[in-house]
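My request is simple: use the sequences and hints to build the entire structure.
If you're matching positions, the sequence shown starts at 7 in my numbering and goes up one per residue.
Everything labelled a hint here was simulated from the structure, so no lab data went into it. Note that this is a predicted model, so its numbers are computed, not measured. Check the hints yourself; a few may be wrong.
Once the Cα atoms are required to be at most 30 Å apart in a straight line, the calculated DSSO-like pairs of lysine-lysine come out as [what the hints assert, rightly or not]:
no., residue 1, residue 2
1, K553, K323
2, K278, K372
3, K372, K208
4, K316, K479
5, K479, K285
6, K553, K278
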Amino acid sequence: MEGDSQKRLSDNYEPPGKGEIFSKEFSIDESSYDYANDTSIAPRTKKNIFVRAFDSFREPEDVKDYSHLSKQDKALIFLSRTTPKLSRRHLMVIAASSCVGTGLFIGSGSSLKLGGPAALLIGFGLMSISLVCIMSTIGEISVRYPTLSPFYELPSRFLDPSLGFAIGWIYAFCWMVTIPLELIAGATLTQFWRHDNNSAAKVNPVAWVALLWAFDAAINLAGSRVYGELEFVVGAIKITAVFGWILFSLINVCGGPPTNHYLGGYNFTHPKAFTHSFKGVIQVLVSCAFAFGGTEVSGIAAAETANPIKAIPSAVKQVFWRVLVFFIISVLFVGLMVPSDTEGLGNSDSGAGSPFVLALSLTGVKALPSIFNAVIICSVIGVSNAAIYASSRTLTAMAVKGAAPPFLCYIDRQGRPLYSLLVVIAFSLLCFVCASTEYNTVFNWLYAFAALAFLFAWSAVCVVYVRIRHAFKVRDRSLDELVYRSPVGIPGAIIGGGIPFAVLCLQFWIYLFPIGGKPDASYFFQGDLSIPVFIGLFIGHKIVYWKSSRWVRTSEIDIDSGVREIDLDRLREMQEEERRNASKNPFKRLGRILC
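In C-alpha coordinates form, the structure reads like this:
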(Lines of atoms letter the chains of each structure in order from A and count residues from 1; the text may use other names and numbers.)
(Lines give C-alpha, C1' and ligand atoms only; values in the text may rest on other atoms or scores of the structure.)
Protein backbone atom coordinates (compact mmCIF):
# COMPACT_ATOMS: atom_id res chain seq x y z
CA MET A 1 0.00 0.00 0.00
CA GLU A 2 2.84 2.40 0.83
CA GLY A 3 4.42 1.76 -2.54
CA ASP A 4 1.12 2.45 -4.26
CA SER A 5 0.79 5.76 -2.39
CA GLN A 6 4.25 6.75 -3.54
CA LYS A 7 3.30 6.01 -7.13
CA ARG A 8 0.22 8.18 -6.92
CA LEU A 9 2.09 11.04 -5.29
CA SER A 10 5.05 11.01 -7.63
CA ASP A 11 4.95 13.68 -10.34
CA ASN A 12 6.83 11.36 -12.67
CA TYR A 13 4.29 8.54 -12.52
CA GLU A 14 2.26 7.94 -15.66
CA PRO A 15 -0.61 5.44 -15.88
CA PRO A 16 0.08 2.46 -18.17
CA GLY A 17 -1.33 2.49 -21.67
CA LYS A 18 -4.17 0.21 -22.68
CA GLY A 19 -1.88 -2.24 -24.42
CA GLU A 20 0.62 -2.29 -21.56
CA ILE A 21 -1.54 -3.15 -18.58
CA PHE A 22 0.36 -6.31 -17.77
CA SER A 23 3.84 -5.50 -18.97
CA LYS A 24 4.83 -1.88 -18.24
CA GLU A 25 7.31 -1.34 -15.41
CA PHE A 26 6.74 1.73 -13.29
CA SER A 27 9.77 3.98 -12.77
CA ILE A 28 9.56 6.53 -9.96
CA ASP A 29 12.10 9.24 -9.21
CA GLU A 30 11.99 9.52 -5.42
CA SER A 31 15.18 11.59 -5.02
CA SER A 32 13.44 14.98 -5.03
CA TYR A 33 10.43 14.08 -2.90
CA ASP A 34 10.26 15.08 0.79
CA TYR A 35 8.09 12.46 2.48
CA ALA A 36 8.88 13.73 5.97
CA ASN A 37 7.18 17.10 5.43
CA ASP A 38 4.30 15.93 3.24
CA THR A 39 1.09 16.48 5.20
CA SER A 40 -1.07 15.02 2.41
CA ILE A 41 -0.28 11.52 3.59
CA ALA A 42 -2.89 10.69 6.21
CA PRO A 43 -1.71 8.67 9.19
CA ARG A 44 -2.98 5.13 9.24
CA THR A 45 -5.79 4.47 11.64
CA LYS A 46 -7.15 1.08 12.53
CA LYS A 47 -10.72 0.75 11.30
CA ASN A 48 -13.30 -1.35 13.07
CA ILE A 49 -14.50 -4.58 11.52
CA PHE A 50 -17.74 -3.11 10.15
CA VAL A 51 -15.97 -0.26 8.35
CA ARG A 52 -13.41 -2.69 6.90
CA ALA A 53 -16.20 -4.99 5.74
CA PHE A 54 -18.02 -2.10 4.08
CA ASP A 55 -14.83 -0.81 2.44
CA SER A 56 -14.06 -4.25 1.03
CA PHE A 57 -17.00 -3.86 -1.37
CA ARG A 58 -15.46 -0.73 -2.91
CA GLU A 59 -13.25 -0.73 -5.97
CA PRO A 60 -9.49 -1.12 -5.36
CA GLU A 61 -7.92 2.03 -3.88
CA ASP A 62 -5.81 2.76 -6.96
CA VAL A 63 -8.81 2.66 -9.32
CA LYS A 64 -8.18 6.32 -10.31
CA ASP A 65 -4.85 5.29 -11.81
CA TYR A 66 -6.81 3.30 -14.40
CA SER A 67 -9.63 5.78 -15.01
CA HIS A 68 -8.67 6.04 -18.69
CA LEU A 69 -9.25 2.32 -19.22
CA SER A 70 -12.51 0.55 -20.04
CA LYS A 71 -14.40 -1.42 -17.40
CA GLN A 72 -13.28 -4.64 -19.08
CA ASP A 73 -9.58 -3.71 -18.94
CA LYS A 74 -9.83 -2.59 -15.32
CA ALA A 75 -11.54 -5.86 -14.42
CA LEU A 76 -8.69 -7.80 -16.05
CA ILE A 77 -6.13 -5.87 -14.00
CA PHE A 78 -7.97 -6.33 -10.71
CA LEU A 79 -8.55 -10.03 -11.37
CA SER A 80 -4.88 -10.58 -12.21
CA ARG A 81 -3.86 -9.02 -8.87
CA THR A 82 -6.40 -10.90 -6.75
CA THR A 83 -4.78 -13.09 -4.13
CA PRO A 84 -5.99 -16.71 -4.47
CA LYS A 85 -8.49 -17.51 -1.72
CA LEU A 86 -9.00 -21.25 -2.27
CA SER A 87 -6.47 -23.89 -1.30
CA ARG A 88 -5.87 -27.35 -2.70
CA ARG A 89 -7.83 -28.71 0.25
CA HIS A 90 -10.87 -26.66 -0.80
CA LEU A 91 -10.62 -27.66 -4.45
CA MET A 92 -10.35 -31.37 -3.63
CA VAL A 93 -13.53 -31.29 -1.55
CA ILE A 94 -15.34 -29.12 -4.11
CA ALA A 95 -14.45 -31.64 -6.82
CA ALA A 96 -15.37 -34.56 -4.58
CA SER A 97 -18.77 -33.44 -3.37
CA SER A 98 -19.88 -30.11 -4.86
CA CYS A 99 -22.63 -31.52 -7.08
CA VAL A 100 -23.90 -34.19 -4.70
CA GLY A 101 -27.33 -32.78 -3.94
CA THR A 102 -30.97 -33.21 -4.88
CA GLY A 103 -30.06 -34.69 -8.27
CA LEU A 104 -28.66 -37.79 -6.55
CA PHE A 105 -30.51 -37.87 -3.24
CA ILE A 106 -34.00 -37.10 -4.63
CA GLY A 107 -33.78 -37.23 -8.45
CA SER A 108 -32.53 -40.82 -8.38
CA GLY A 109 -35.91 -41.77 -6.88
CA SER A 110 -37.89 -40.66 -9.94
CA SER A 111 -35.24 -42.29 -12.16
CA LEU A 112 -35.67 -45.58 -10.29
CA LYS A 113 -39.44 -45.33 -10.66
CA LEU A 114 -39.35 -44.56 -14.40
CA GLY A 115 -36.48 -46.78 -15.47
CA GLY A 116 -36.07 -49.51 -12.88
CA PRO A 117 -32.92 -50.54 -10.97
CA ALA A 118 -31.05 -51.83 -14.04
CA ALA A 119 -31.79 -48.68 -16.06
CA LEU A 120 -30.70 -46.57 -13.08
CA LEU A 121 -27.35 -48.37 -12.90
CA ILE A 122 -26.79 -48.25 -16.67
CA GLY A 123 -27.71 -44.56 -16.89
CA PHE A 124 -25.42 -43.50 -14.08
CA GLY A 125 -22.69 -45.80 -15.41
CA LEU A 126 -22.71 -44.24 -18.89
CA MET A 127 -22.78 -40.69 -17.56
CA SER A 128 -19.97 -41.56 -15.14
CA ILE A 129 -17.74 -42.70 -18.00
CA SER A 130 -18.55 -39.52 -19.87
CA LEU A 131 -17.89 -37.32 -16.85
CA VAL A 132 -14.48 -38.81 -16.07
CA CYS A 133 -13.43 -38.15 -19.68
CA ILE A 134 -14.88 -34.62 -19.61
CA MET A 135 -13.07 -33.67 -16.41
CA SER A 136 -9.79 -35.03 -17.76
CA THR A 137 -10.09 -32.79 -20.81
CA ILE A 138 -11.09 -29.78 -18.69
CA GLY A 139 -8.07 -30.44 -16.47
CA GLU A 140 -5.60 -30.35 -19.35
CA ILE A 141 -7.12 -27.21 -20.86
CA SER A 142 -7.48 -25.34 -17.54
CA VAL A 143 -3.85 -25.91 -16.56
CA ARG A 144 -2.62 -24.49 -19.87
CA TYR A 145 -5.22 -21.75 -20.37
CA PRO A 146 -6.32 -20.13 -17.10
CA THR A 147 -9.81 -18.71 -17.42
CA LEU A 148 -12.62 -17.61 -15.16
CA SER A 149 -15.29 -19.19 -17.37
CA PRO A 150 -14.04 -22.10 -19.49
CA PHE A 151 -17.49 -22.81 -20.93
CA TYR A 152 -17.72 -19.35 -22.47
CA GLU A 153 -14.15 -18.36 -23.25
CA LEU A 154 -12.88 -21.66 -24.68
CA PRO A 155 -15.65 -22.22 -27.28
CA SER A 156 -15.47 -18.52 -28.24
CA ARG A 157 -11.74 -18.71 -28.78
CA PHE A 158 -11.29 -22.14 -30.37
CA LEU A 159 -14.65 -22.81 -32.07
CA ASP A 160 -16.99 -19.90 -32.82
CA PRO A 161 -17.72 -16.68 -30.88
CA SER A 162 -21.47 -17.16 -31.37
CA LEU A 163 -21.25 -20.70 -30.06
CA GLY A 164 -19.35 -19.50 -27.01
CA PHE A 165 -21.91 -16.75 -26.44
CA ALA A 166 -24.83 -19.21 -26.56
CA ILE A 167 -23.15 -21.83 -24.36
CA GLY A 168 -21.92 -19.23 -21.88
CA TRP A 169 -25.38 -17.77 -21.34
CA ILE A 170 -27.05 -21.20 -21.26
CA TYR A 171 -24.52 -22.38 -18.68
CA ALA A 172 -24.85 -19.26 -16.51
CA PHE A 173 -28.64 -19.35 -16.66
CA CYS A 174 -28.59 -23.07 -15.90
CA TRP A 175 -26.78 -22.42 -12.62
CA MET A 176 -29.03 -19.47 -11.87
CA VAL A 177 -32.18 -21.60 -12.14
CA THR A 178 -30.51 -24.31 -10.05
CA ILE A 179 -30.44 -21.96 -7.04
CA PRO A 180 -34.24 -21.67 -6.61
CA LEU A 181 -34.54 -25.38 -7.42
CA GLU A 182 -32.27 -26.31 -4.54
CA LEU A 183 -33.77 -23.80 -2.12
CA ILE A 184 -37.32 -25.00 -2.81
CA ALA A 185 -36.18 -28.60 -2.40
CA GLY A 186 -34.51 -27.73 0.91
CA ALA A 187 -37.70 -26.13 2.22
CA THR A 188 -39.93 -29.04 1.19
CA LEU A 189 -37.55 -31.54 2.79
CA THR A 190 -38.57 -30.21 6.20
CA GLN A 191 -42.04 -31.69 5.55
CA PHE A 192 -40.50 -35.12 6.11
CA TRP A 193 -40.98 -34.55 9.84
CA ARG A 194 -44.65 -33.61 9.63
CA HIS A 195 -45.73 -37.11 10.75
CA ASP A 196 -43.50 -36.88 13.83
CA ASN A 197 -45.28 -33.75 15.05
CA ASN A 198 -41.95 -31.96 14.69
CA SER A 199 -42.10 -28.17 14.98
CA ALA A 200 -39.80 -27.79 11.94
CA ALA A 201 -42.52 -29.21 9.68
CA LYS A 202 -45.10 -26.75 11.04
CA VAL A 203 -43.13 -23.73 9.83
CA ASN A 204 -44.33 -22.29 6.53
CA PRO A 205 -41.99 -23.48 3.71
CA VAL A 206 -41.65 -19.85 2.57
CA ALA A 207 -39.95 -19.06 5.89
CA TRP A 208 -37.44 -21.88 5.33
CA VAL A 209 -36.80 -20.64 1.79
CA ALA A 210 -36.16 -17.13 3.10
CA LEU A 211 -33.74 -18.45 5.71
CA LEU A 212 -31.79 -20.57 3.20
CA TRP A 213 -31.74 -17.73 0.65
CA ALA A 214 -30.36 -15.25 3.19
CA PHE A 215 -27.72 -17.74 4.32
CA ASP A 216 -26.54 -18.43 0.76
CA ALA A 217 -26.40 -14.71 -0.03
CA ALA A 218 -24.35 -13.97 3.09
CA ILE A 219 -21.87 -16.79 2.41
CA ASN A 220 -21.16 -15.69 -1.17
CA LEU A 221 -20.92 -12.01 -0.29
CA ALA A 222 -18.39 -12.94 2.39
CA GLY A 223 -15.94 -14.03 -0.32
CA SER A 224 -14.30 -17.09 -1.85
CA ARG A 225 -12.53 -18.16 1.33
CA VAL A 226 -15.77 -18.39 3.31
CA TYR A 227 -17.40 -20.20 0.38
CA GLY A 228 -14.51 -22.66 0.31
CA GLU A 229 -14.71 -23.33 4.04
CA LEU A 230 -18.47 -23.92 3.86
CA GLU A 231 -18.04 -26.32 0.95
CA PHE A 232 -15.32 -28.10 2.91
CA VAL A 233 -17.56 -28.60 5.96
CA VAL A 234 -20.68 -29.54 3.99
CA GLY A 235 -18.61 -31.80 1.75
CA ALA A 236 -17.16 -33.61 4.75
CA ILE A 237 -20.69 -34.17 6.10
CA LYS A 238 -21.90 -35.54 2.76
CA ILE A 239 -18.90 -37.81 2.31
CA THR A 240 -19.25 -39.24 5.82
CA ALA A 241 -23.01 -39.73 5.43
CA VAL A 242 -22.78 -41.47 2.05
CA PHE A 243 -20.04 -43.82 3.25
CA GLY A 244 -22.13 -44.64 6.31
CA TRP A 245 -25.23 -45.20 4.18
CA ILE A 246 -23.35 -47.55 1.82
CA LEU A 247 -21.99 -49.58 4.75
CA PHE A 248 -25.45 -49.79 6.34
CA SER A 249 -26.98 -50.88 3.00
CA LEU A 250 -24.31 -53.51 2.45
CA ILE A 251 -25.04 -55.06 5.84
CA ASN A 252 -28.78 -55.12 5.15
CA VAL A 253 -28.52 -56.51 1.61
CA CYS A 254 -26.35 -59.33 2.96
CA GLY A 255 -28.93 -60.19 5.63
CA GLY A 256 -27.47 -58.37 8.61
CA PRO A 257 -29.24 -56.35 11.30
CA PRO A 258 -31.62 -54.73 11.85
CA THR A 259 -33.83 -56.72 9.44
CA ASN A 260 -31.76 -59.94 9.40
CA HIS A 261 -33.39 -60.62 6.05
CA TYR A 262 -31.27 -61.46 3.00
CA LEU A 263 -32.21 -59.22 0.06
CA GLY A 264 -29.48 -59.92 -2.46
CA GLY A 265 -30.69 -59.00 -5.95
CA TYR A 266 -34.38 -59.55 -5.23
CA ASN A 267 -35.43 -55.97 -6.03
CA PHE A 268 -33.68 -56.17 -9.41
CA THR A 269 -36.27 -58.74 -10.52
CA HIS A 270 -39.30 -57.71 -8.44
CA PRO A 271 -41.15 -56.01 -9.96
CA LYS A 272 -38.60 -55.96 -12.82
CA ALA A 273 -35.18 -54.64 -13.82
CA PHE A 274 -36.48 -52.31 -16.56
CA THR A 275 -39.85 -50.69 -15.94
CA HIS A 276 -40.04 -48.90 -19.31
CA SER A 277 -37.39 -50.65 -21.43
CA PHE A 278 -35.17 -48.41 -23.60
CA LYS A 279 -37.19 -45.24 -23.04
CA GLY A 280 -36.67 -45.66 -19.32
CA VAL A 281 -32.89 -45.75 -19.78
CA ILE A 282 -32.97 -42.53 -21.84
CA GLN A 283 -35.12 -40.82 -19.21
CA VAL A 284 -32.60 -41.84 -16.56
CA LEU A 285 -29.74 -40.40 -18.64
CA VAL A 286 -31.48 -37.02 -18.80
CA SER A 287 -31.95 -37.05 -15.01
CA CYS A 288 -28.31 -38.05 -14.56
CA ALA A 289 -27.21 -34.90 -16.38
CA PHE A 290 -28.70 -32.82 -13.58
CA ALA A 291 -27.31 -35.14 -10.90
CA PHE A 292 -23.78 -34.84 -12.30
CA GLY A 293 -24.05 -31.12 -12.99
CA GLY A 294 -21.57 -29.18 -10.89
CA THR A 295 -18.58 -31.46 -11.20
CA GLU A 296 -17.00 -28.95 -13.56
CA VAL A 297 -17.12 -26.27 -10.83
CA SER A 298 -13.65 -27.41 -9.77
CA GLY A 299 -12.43 -26.18 -13.17
CA ILE A 300 -13.83 -22.72 -12.39
CA ALA A 301 -12.66 -22.76 -8.77
CA ALA A 302 -9.14 -23.64 -9.96
CA ALA A 303 -8.73 -20.03 -11.06
CA GLU A 304 -8.84 -19.02 -7.39
CA THR A 305 -6.34 -21.53 -6.00
CA ALA A 306 -2.79 -20.70 -4.99
CA ASN A 307 -1.29 -23.58 -7.00
CA PRO A 308 -3.63 -24.65 -9.82
CA ILE A 309 -0.91 -26.70 -11.52
CA LYS A 310 -1.10 -29.18 -8.64
CA ALA A 311 -4.70 -28.61 -7.61
CA ILE A 312 -6.41 -29.21 -10.96
CA PRO A 313 -4.88 -32.65 -11.77
CA SER A 314 -5.59 -33.70 -8.19
CA ALA A 315 -9.22 -32.59 -8.53
CA VAL A 316 -9.52 -34.56 -11.78
CA LYS A 317 -8.36 -37.73 -10.01
CA GLN A 318 -10.87 -37.07 -7.24
CA VAL A 319 -13.68 -37.10 -9.80
CA PHE A 320 -13.08 -40.78 -10.61
CA TRP A 321 -13.40 -41.83 -6.98
CA ARG A 322 -16.32 -39.49 -6.39
CA VAL A 323 -18.16 -40.97 -9.37
CA LEU A 324 -17.39 -44.53 -8.27
CA VAL A 325 -18.40 -44.11 -4.62
CA PHE A 326 -21.06 -41.40 -4.64
CA PHE A 327 -22.88 -42.43 -7.78
CA ILE A 328 -22.17 -45.96 -9.03
CA ILE A 329 -22.03 -47.76 -5.68
CA SER A 330 -24.78 -45.58 -4.21
CA VAL A 331 -27.30 -46.17 -7.01
CA LEU A 332 -26.42 -49.87 -7.01
CA PHE A 333 -27.50 -50.13 -3.37
CA VAL A 334 -30.51 -47.90 -4.04
CA GLY A 335 -31.68 -50.48 -6.58
CA LEU A 336 -30.96 -53.33 -4.17
CA MET A 337 -32.65 -51.72 -1.16
CA VAL A 338 -35.72 -49.98 -2.63
CA PRO A 339 -38.32 -51.62 -4.94
CA SER A 340 -39.10 -49.45 -7.96
CA ASP A 341 -42.83 -49.57 -7.16
CA THR A 342 -42.48 -48.24 -3.60
CA GLU A 343 -45.23 -45.79 -2.73
CA GLY A 344 -44.03 -42.17 -2.63
CA LEU A 345 -40.78 -42.89 -4.49
CA GLY A 346 -39.57 -39.80 -6.34
CA ASN A 347 -42.16 -37.55 -4.73
CA SER A 348 -40.59 -34.08 -4.56
CA ASP A 349 -43.06 -32.83 -1.97
CA SER A 350 -41.07 -34.23 0.95
CA GLY A 351 -37.88 -35.96 1.93
CA ALA A 352 -39.83 -39.21 2.02
CA GLY A 353 -39.47 -39.34 -1.78
CA SER A 354 -35.70 -39.78 -1.51
CA PRO A 355 -34.69 -43.41 -2.11
CA PHE A 356 -31.87 -42.93 0.40
CA VAL A 357 -34.33 -41.97 3.13
CA LEU A 358 -36.81 -44.64 2.02
CA ALA A 359 -34.13 -47.32 2.20
CA LEU A 360 -33.47 -46.43 5.83
CA SER A 361 -37.19 -46.21 6.63
CA LEU A 362 -37.85 -49.68 5.17
CA THR A 363 -35.42 -51.20 7.68
CA GLY A 364 -37.53 -49.93 10.57
CA VAL A 365 -34.75 -47.86 12.16
CA LYS A 366 -36.27 -44.74 13.72
CA ALA A 367 -33.50 -42.15 13.92
CA LEU A 368 -31.47 -42.75 10.76
CA PRO A 369 -34.05 -41.49 8.21
CA SER A 370 -34.27 -38.15 10.02
CA ILE A 371 -30.50 -37.86 10.23
CA PHE A 372 -30.06 -38.52 6.53
CA ASN A 373 -32.86 -36.10 5.66
CA ALA A 374 -30.90 -33.44 7.56
CA VAL A 375 -27.80 -34.39 5.54
CA ILE A 376 -29.76 -33.85 2.31
CA ILE A 377 -30.75 -30.38 3.52
CA CYS A 378 -27.04 -29.65 4.16
CA SER A 379 -26.22 -30.84 0.64
CA VAL A 380 -28.88 -28.48 -0.75
CA ILE A 381 -27.09 -25.58 0.94
CA GLY A 382 -23.77 -26.68 -0.56
CA VAL A 383 -25.09 -27.05 -4.11
CA SER A 384 -27.00 -23.75 -4.05
CA ASN A 385 -23.82 -22.00 -2.89
CA ALA A 386 -21.85 -23.65 -5.71
CA ALA A 387 -24.53 -22.47 -8.14
CA ILE A 388 -24.18 -18.84 -7.01
CA TYR A 389 -20.39 -19.12 -7.18
CA ALA A 390 -20.31 -20.63 -10.69
CA SER A 391 -22.96 -18.41 -12.28
CA SER A 392 -21.52 -15.15 -10.90
CA ARG A 393 -18.01 -15.98 -12.16
CA THR A 394 -19.38 -16.95 -15.56
CA LEU A 395 -21.31 -13.67 -15.88
CA THR A 396 -18.23 -11.64 -14.96
CA ALA A 397 -16.02 -13.51 -17.41
CA MET A 398 -18.55 -12.88 -20.17
CA ALA A 399 -18.81 -9.20 -19.25
CA VAL A 400 -15.02 -8.82 -19.41
CA LYS A 401 -15.13 -10.21 -22.96
CA GLY A 402 -18.05 -7.97 -23.94
CA ALA A 403 -20.71 -10.70 -24.02
CA ALA A 404 -22.62 -9.39 -20.99
CA PRO A 405 -23.49 -5.89 -19.68
CA PRO A 406 -20.31 -3.94 -18.74
CA PHE A 407 -21.45 -3.17 -15.19
CA LEU A 408 -20.97 -6.88 -14.38
CA CYS A 409 -17.20 -6.30 -14.71
CA TYR A 410 -17.12 -4.70 -11.27
CA ILE A 411 -14.51 -6.37 -9.05
CA ASP A 412 -14.23 -5.22 -5.44
CA ARG A 413 -11.16 -5.06 -3.19
CA GLN A 414 -11.54 -8.70 -2.16
CA GLY A 415 -11.75 -9.93 -5.75
CA ARG A 416 -15.50 -10.62 -5.60
CA PRO A 417 -17.54 -10.08 -8.80
CA LEU A 418 -19.92 -7.99 -6.71
CA TYR A 419 -22.51 -6.87 -9.25
CA SER A 420 -22.68 -10.35 -10.79
CA LEU A 421 -23.27 -11.77 -7.33
CA LEU A 422 -26.07 -9.28 -6.70
CA VAL A 423 -27.73 -10.11 -10.04
CA VAL A 424 -27.58 -13.85 -9.32
CA ILE A 425 -28.83 -13.42 -5.76
CA ALA A 426 -31.70 -11.25 -7.02
CA PHE A 427 -32.62 -13.86 -9.64
CA SER A 428 -32.67 -16.55 -6.96
CA LEU A 429 -35.65 -14.74 -5.40
CA LEU A 430 -37.58 -16.90 -7.83
CA CYS A 431 -37.44 -19.48 -5.04
CA PHE A 432 -40.36 -17.70 -3.37
CA VAL A 433 -42.60 -19.16 -6.06
CA CYS A 434 -43.01 -21.97 -3.54
CA ALA A 435 -45.69 -19.78 -1.96
CA SER A 436 -47.88 -20.56 -4.99
CA THR A 437 -49.99 -23.70 -5.19
CA GLU A 438 -48.66 -24.24 -8.73
CA TYR A 439 -45.00 -24.17 -7.76
CA ASN A 440 -44.51 -27.78 -8.91
CA THR A 441 -45.15 -26.71 -12.51
CA VAL A 442 -42.47 -24.03 -12.28
CA PHE A 443 -40.15 -26.50 -10.53
CA ASN A 444 -40.48 -29.03 -13.38
CA TRP A 445 -39.79 -26.41 -16.08
CA LEU A 446 -36.68 -25.18 -14.29
CA TYR A 447 -35.46 -28.73 -13.64
CA ALA A 448 -35.78 -29.75 -17.30
CA PHE A 449 -33.95 -26.62 -18.49
CA ALA A 450 -31.06 -27.08 -16.04
CA ALA A 451 -30.59 -30.77 -16.85
CA LEU A 452 -30.10 -30.24 -20.59
CA ALA A 453 -28.01 -27.07 -20.29
CA PHE A 454 -25.11 -29.01 -18.77
CA LEU A 455 -25.05 -31.30 -21.82
CA PHE A 456 -24.35 -28.36 -24.17
CA ALA A 457 -21.39 -27.19 -22.08
CA TRP A 458 -19.86 -30.66 -21.66
CA SER A 459 -20.06 -31.50 -25.37
CA ALA A 460 -18.56 -28.15 -26.38
CA VAL A 461 -15.51 -28.37 -24.11
CA CYS A 462 -14.68 -31.83 -25.51
CA VAL A 463 -14.81 -30.45 -29.06
CA VAL A 464 -12.49 -27.64 -27.92
CA TYR A 465 -10.05 -30.22 -26.57
CA VAL A 466 -9.97 -32.15 -29.86
CA ARG A 467 -9.39 -28.94 -31.85
CA ILE A 468 -6.51 -27.83 -29.60
CA ARG A 469 -4.84 -31.23 -29.95
CA HIS A 470 -5.38 -31.09 -33.72
CA ALA A 471 -3.82 -27.60 -33.83
CA PHE A 472 -0.76 -28.98 -32.03
CA LYS A 473 -0.49 -31.74 -34.62
CA VAL A 474 -0.90 -29.40 -37.61
CA ARG A 475 1.87 -27.15 -36.28
CA ASP A 476 4.07 -30.16 -35.49
CA ARG A 477 4.29 -29.10 -31.85
CA SER A 478 5.25 -31.55 -29.13
CA LEU A 479 2.71 -32.50 -26.46
CA ASP A 480 5.56 -32.25 -23.96
CA GLU A 481 4.67 -28.56 -23.78
CA LEU A 482 1.55 -29.56 -21.85
CA VAL A 483 2.14 -29.40 -18.11
CA TYR A 484 -0.75 -31.78 -17.50
CA ARG A 485 -1.84 -34.25 -20.16
CA SER A 486 -5.25 -35.90 -20.08
CA PRO A 487 -4.88 -39.67 -19.56
CA VAL A 488 -7.85 -40.36 -21.87
CA GLY A 489 -6.61 -38.25 -24.79
CA ILE A 490 -8.63 -37.62 -27.93
CA PRO A 491 -10.56 -40.95 -27.78
CA GLY A 492 -11.70 -40.07 -24.27
CA ALA A 493 -12.77 -36.59 -25.39
CA ILE A 494 -14.84 -38.11 -28.20
CA ILE A 495 -16.53 -40.48 -25.74
CA GLY A 496 -16.94 -37.73 -23.15
CA GLY A 497 -18.59 -35.34 -25.59
CA GLY A 498 -20.39 -37.99 -27.63
CA ILE A 499 -22.52 -39.38 -24.78
CA PRO A 500 -24.03 -35.98 -23.78
CA PHE A 501 -24.67 -35.17 -27.45
CA ALA A 502 -26.42 -38.52 -27.95
CA VAL A 503 -28.54 -37.87 -24.86
CA LEU A 504 -29.52 -34.46 -26.26
CA CYS A 505 -30.74 -36.10 -29.45
CA LEU A 506 -32.52 -39.03 -27.77
CA GLN A 507 -34.32 -36.90 -25.19
CA PHE A 508 -35.98 -35.07 -28.10
CA TRP A 509 -37.66 -38.39 -28.92
CA ILE A 510 -38.54 -39.03 -25.27
CA TYR A 511 -40.35 -35.73 -24.84
CA LEU A 512 -42.05 -36.02 -28.23
CA PHE A 513 -43.40 -39.47 -27.34
CA PRO A 514 -43.48 -39.51 -23.52
CA ILE A 515 -43.41 -42.64 -21.39
CA GLY A 516 -46.90 -43.94 -20.67
CA GLY A 517 -48.67 -41.05 -22.39
CA LYS A 518 -49.63 -39.37 -25.65
CA PRO A 519 -47.70 -36.54 -27.35
CA ASP A 520 -48.30 -33.30 -25.50
CA ALA A 521 -47.11 -29.85 -26.63
CA SER A 522 -46.65 -28.52 -23.10
CA TYR A 523 -44.64 -31.55 -22.01
CA PHE A 524 -42.51 -31.39 -25.17
CA PHE A 525 -41.56 -27.72 -24.79
CA GLN A 526 -40.98 -28.20 -21.07
CA GLY A 527 -38.40 -30.88 -21.77
CA ASP A 528 -36.77 -29.22 -24.77
CA LEU A 529 -36.89 -25.59 -23.63
CA SER A 530 -33.11 -25.19 -23.56
CA ILE A 531 -32.75 -26.19 -27.23
CA PRO A 532 -34.76 -23.28 -28.76
CA VAL A 533 -33.15 -20.92 -26.23
CA PHE A 534 -29.69 -22.09 -27.33
CA ILE A 535 -30.57 -21.77 -31.03
CA GLY A 536 -32.03 -18.30 -30.45
CA LEU A 537 -28.91 -17.07 -28.65
CA PHE A 538 -26.63 -18.51 -31.35
CA ILE A 539 -28.57 -17.03 -34.29
CA GLY A 540 -29.09 -13.70 -32.52
CA HIS A 541 -25.36 -13.30 -31.91
CA LYS A 542 -24.61 -14.29 -35.51
CA ILE A 543 -26.97 -11.62 -36.83
CA VAL A 544 -25.60 -8.84 -34.62
CA TYR A 545 -21.92 -9.76 -35.10
CA TRP A 546 -22.12 -11.30 -38.57
CA LYS A 547 -18.85 -9.68 -39.68
CA SER A 548 -16.65 -10.88 -36.82
CA SER A 549 -18.38 -14.07 -35.68
CA ARG A 550 -17.33 -17.03 -37.78
CA TRP A 551 -15.99 -20.53 -37.32
CA VAL A 552 -12.32 -20.52 -36.34
CA ARG A 553 -10.25 -22.52 -38.82
CA THR A 554 -7.55 -24.85 -37.53
CA SER A 555 -4.87 -22.72 -39.18
CA GLU A 556 -6.17 -19.68 -37.28
CA ILE A 557 -6.24 -21.26 -33.82
CA ASP A 558 -3.86 -19.46 -31.47
CA ILE A 559 -2.43 -21.99 -29.04
CA ASP A 560 0.25 -19.73 -27.54
CA SER A 561 -1.45 -16.60 -26.18
CA GLY A 562 -2.98 -16.65 -22.73
CA VAL A 563 -0.86 -19.61 -21.64
CA ARG A 564 -0.17 -19.93 -17.93
CA GLU A 565 3.37 -18.76 -17.15
CA ILE A 566 5.31 -21.78 -15.91
CA ASP A 567 8.98 -22.63 -15.58
CA LEU A 568 8.75 -26.04 -17.25
CA ASP A 569 12.27 -27.13 -16.36
CA ARG A 570 11.77 -26.30 -12.69
CA LEU A 571 8.36 -27.97 -12.71
CA ARG A 572 9.79 -31.18 -14.22
CA GLU A 573 12.47 -31.24 -11.54
CA MET A 574 9.87 -30.86 -8.78
CA GLN A 575 7.69 -33.60 -10.28
CA GLU A 576 10.65 -35.94 -10.57
CA GLU A 577 11.63 -35.24 -6.97
CA GLU A 578 8.07 -35.98 -5.83
CA ARG A 579 8.10 -39.26 -7.74
CA ARG A 580 11.37 -40.28 -6.12
CA ASN A 581 10.07 -39.45 -2.65
CA ALA A 582 6.82 -41.30 -3.32
CA SER A 583 8.67 -44.40 -4.52
CA LYS A 584 10.40 -44.66 -1.14
CA ASN A 585 7.14 -44.62 0.80
CA PRO A 586 4.31 -46.99 -0.26
CA PHE A 587 1.67 -44.79 1.42
CA LYS A 588 2.86 -41.69 -0.45
CA ARG A 589 2.90 -43.70 -3.68
CA LEU A 590 -0.70 -44.79 -3.08
CA GLY A 591 -1.70 -41.22 -2.24
CA ARG A 592 -0.10 -39.95 -5.45
CA ILE A 593 -2.11 -42.46 -7.49
CA LEU A 594 -5.42 -41.73 -5.76
CA CYS A 595 -5.08 -37.97 -5.20
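Take a quick look at whether K372 and K208 sit within 30 Å of each other, Cα to Cα. holds, 20 Å
Given the hinted pair K553 and K323, is their alpha-carbon gap at most 30 Å? violated, 42 Å
Decide if the proposed pair is consistent with the structure: K316 and K479, CA atoms, cutoff 30 Å inclusive. Holds: K316 and K479 sit about 26 Å apart, inside 30 Å.
Verify the proposed pairing of K553 with K278, using a straight-line Cα cut of 30 Å. violated, 57 Å
Is the Cα-Cα distance between K278 and K372 30 Å or less? At roughly 29 Å apart (the allowed maximum being 30 Å), K372 and K278 satisfy the hint.
Between K479 and K285, does the CA-CA distance stay at or below 30 Å? violated, 41 Å
Violated hints, listed in ascending order, are 1, 5 and 6; each of the other numbered hints is respected by the structure.
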